[in-house]
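S.K.: Kindly produce the complete structure, drawing on both the sequences and the hints.
Residue numbers (the working numbering): 2 to 265.
Among the clues, some could well be false.
Using 20 Å as the maximum straight-line C-alpha spacing, the simulated SDA-like pairs for lysine to any residue come out as follows [to be verified]: (1) K102 with G62; (2) K171 with E150; (3) K212 with E257; (4) K161 with N137; (5) K171 with D140; (6) K244 with Y198; (7) K199 with N137; (8) K165 with A231; (9) K171 with V218; (10) K63 with K102; (11) K130 with K161; (12) K171 with V120; (13) K180 with I215; (14) K63 with S92; (15) K116 with E150; (16) K102 with K161; (17) K63 with V30; (18) K212 with Q262; (19) K221 with F263; (20) K156 with N137; (21) K261 with K199; (22) K246 with Q262.
Hints are computed from structural coordinates only; laboratory data are not their basis.
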Amino acid sequence: MKKFLALFAFVVLFSSCSEYQKALKSEDVAVKFDMATKMYEAKKYGKAIRLFEQIAPAYKGKPSAEKMFYMYSQSLYKTNQFYLAGYQFESFASSYPRSEKIEEASFLGAKCFSKLSPVYSLDQIDTYKAVDKLQNFIDVYPESQYLAEANIVAKALREKLEKKAYENAKIYNTISDYKASMVAFDNFIIDFPGTPYKEQALFYKLDSAYKLAINSVPSKMEERLNNAKAAYNGLIKHKADTKYKSEADEMLARIETDLKQFSK
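M.R.: So this is what it looks like as C-alpha cells:
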C-alpha cells in the first residue's frame, strides 16, 4: 500500500511538473495565466513569477489584468523581492484606483521600502523614502485596517533616522571638530525635540564647547568659555541629576577658573 501511494504521489508530481513546463513553453497566454494562478494558490511563488513575467506585458488592459498584477505583486513580496514588489504594488495602485485591493496594495508598496531600509550606520536614502511613503499611506487611509502596523513601522524607521543623526553629530566630537559638533547637536535637538538621546546630546555639546574654549586663542576664549557655561546650564536644566553630573561639574569648575582672568 505504501509503495502504491508513493508511486501515485510521484506520478502526480511528475504530471504537475510536466504541465508547468508545457505552460512555460506555450504561446497561449491563457494557459500561462491558469498555470500561474495554480502555482500562486499552491504558494509556489517562484514558479508563478516566471509565468507572470512572461505574460505581464500582454495582459495590460485585459479584464483579468487586475487579478494577474495583484498576484504578481504578492508573489514578489512573498519571495522577499521587495524592490520589485514595491514597484509592482505602486503600479497596481496607480492602474486600478477602484480596486478592492488598492488599500492593501498601497500599504504593502510602502512597507516594501521599509524592508529596503539598511542598518542605521549606512546611507538612509531608502529609509527616508519609506517614511514618506508610509506617512502618505497614513494620510490617505486614516481609518485603514493596516494603520496600526503602518504607524509601528514608521516609528521604527524614524527612530533609526534619529539614531543616525545622533551618531553623525557625535562623530564630529570624536574627531575633535568641535565647532561642527556643536552645530550638529543643536540641529539634532531641534529636529528631534523628544529624543531619548537628548541628555547625551546636551552633554556632548557641552564637551565640545568646553574643549573648543580651553584650546582657543586668547581673543576668542572668553566668548567660547561663556558658550560652554551656557551649554552646562542647558544640560543641568534638562536633567539636574544627569549621569554626566560629575564630569560636567569638573568642566564648569575649569570654565569658572579660566573666566576669572577676564574679569580683572
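S.K.: For every hint, state whether the structure bears it out.
M.R.: Hints, verified against the model:
1. Taking the CA atoms of K102 and G62, the gap is near 17 Å; set against the 20 Å cutoff, the hint holds.
2. The suggested pairing of K171 with E150 is violated, with an alpha-carbon distance near 32 Å, which exceeds 20 Å.
3. The suggested pairing of K212 with E257 holds, with an alpha-carbon distance near 14 Å, which does not exceed 20 Å.
4. A distance of roughly 19 Å separates the Cα atoms of K161 and N137; the hinted pair therefore holds under the 20 Å criterion.
5. About 34 Å separates the Cα atoms of K171 and D140, which puts this hinted pair outside 20 Å; it is violated.
6. Our distance criterion of 20 Å between C-alpha atoms is met by K244 and Y198, whose separation comes to about 13 Å.
7. Proximity of K199 to N137 is assessed by CA-CA distance (about 28 Å); at most 20 Å being required, the pair is judged violated.
8. The hinted pair formed by K165 and A231 fails the criterion: a straight-line CA distance of about 26 Å is larger than 20 Å.
9. A distance of roughly 24 Å separates the Cα atoms of K171 and V218; the hinted pair therefore is violated under the 20 Å criterion.
10. Of the pairs offered as hints, the one joining K63 and K102 holds, with about 17 Å between alpha carbons and a cut-off of 20 Å not exceeded.
11. Restraint check for K130 and K161: satisfied, since their Cα atoms lie roughly 13 Å apart, inside the 20 Å limit.
12. Between K171 and V120 the CA atoms are separated by roughly 17 Å; this keeps the pair inside 20 Å, and the hint holds.
13. As the CA atoms of K180 and I215 are separated by approximately 13 Å, the hinted pair is consistent with the 20 Å bound.
14. A threshold of 20 Å between alpha carbons decides the hint, and for K63 with S92 the separation of about 16 Å falls inside it, so the pair holds.
15. Note on K116 and E150: the hinted pairing holds, with a Cα-Cα distance of about 14 Å set against a maximum of 20 Å.
16. Restraint check: the Cα-Cα separation between K102 and K161 comes to about 30 Å, which exceeds 20 Å; the hinted pair is violated.
17. For a cut-off of 20 Å, the pair hint linking K63 to V30 stands: about 11 Å separates their Cα positions.
18. In summary, the hint linking K212 to Q262 is supported, as the alpha carbons are separated by about 18 Å, within the 20 Å threshold.
19. Under the criterion of a C-alpha separation no larger than 20 Å, the hint pairing K221 with F263 is consistent with the structure, at around 11 Å.
20. Only pairs whose Cα atoms come within 20 Å are accepted, and K156 paired with N137 is accepted, the gap being roughly 14 Å.
21. The straight-line distance between the Cα atoms of K261 and K199 is roughly 31 Å, outside the 20 Å bound, and the hint therefore fails.
22. For the proposed pair K246 and Q262, the alpha carbon gap of about 25 Å is over 20 Å, so the pair is violated.
In summary, the numbered hints that this structure violates are 2, 5, 7, 8, 9, 16, 21, 22.
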